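Produce the complete structure using the sequences and hints provided.
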Amino acid sequence: MSEFFDHITPAHADFIARQPVFFVATAAPDARINLSPKGMDTFRVLGGGRECAYLDYGGSGNETHAHLAADGRICVMFCAFDQPALIYRIYGRGSAVLPQDAGWAELAPQFVIERGVRQIFRIAVESTQTSCGWAVPKMQVTEERQTLRKYYVNDDSATRLLKYQERDRSIDGLPTTSPAFLPYD
3 MSEFFDHITP AHADFIARQP VFFVATAAPD ARINLSPKGM DTFRVLGGGR ECAYLDYGGS
63 GNETHAHLAA DGRICVMFCA FDQPALIYRI YGRGSAVLPQ DAGWAELAPQ FVIERGVRQI
123 FRIAVESTQT SCGWAVPKMQ VTEERQTLRK YYVNDDSATR LLKYQERDRS IDGLPTTSPA
183 FLPYD
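End of the sequence shown = 187 in my numbering, gap-free, step of one.
I should point out that these hints are in silico values taken from the structure, not numbers from a laboratory.
Remember, predicted model here, so these are calculated numbers, not experimental data.
Even glycine gets a Cβ: it sits at the ideal position worked out from N, Cα and C.
Relax, there's no trap hidden among the hints.
EDC-like mimics (lysine to aspartate or glutamate), calculated; alpha carbons at most 16 Å apart, straight line:
1) 152 - 116
2) 40 - 145
3) 140 - 84
4) 40 - 146
So the derived label-pair ranges between C-beta atoms look like this:
5) 138 - 32: 31 to 37 Å
6) 6 - 137: 17 to 23 Å
7) 12 - 84: 17 to 23 Å
8) 19 - 156: 26 to 32 Å
9) 16 - 152: 30 to 36 Å
10) 182 - 62: 18 to 24 Å
Okay, structure coming up:
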């Protein structure tokens, strides 16, 4: 029932575009496995399906950044909560692209950059996999949460910058790089 591919096909890119949530998993030697749900319109298929990227907002930690700097491996999973059932995984090597990095100018126009954006994770696709998803329940999205956006709109620039700078380590003590401050207004 599973099929593997060496890139994101156009049909799979269409499937990805319809999903309201995706999940990102990373790990580094001697560190916890990190698994994070992501929402909002933050995922893009690039390079003819050979790469992809997602926009990352500051939140409770910066584990993905630390893990990718230490190890590079990443898995992104999408699952259909409607019909037809499908689970779609992307396996690859990822890296953080910060506002001060040379690659930012190329990637940022693919997204809506707003308050709270911390970095873009770029992923070189190594393989993708489909599986049935028959045990995943059918659910409906009622609305997108606005809590994160509201937090950053109500938070002043200096406070945001300090919070970013304080996050120079992951939960397990792995180093991260702080992004340069983005002027949103």
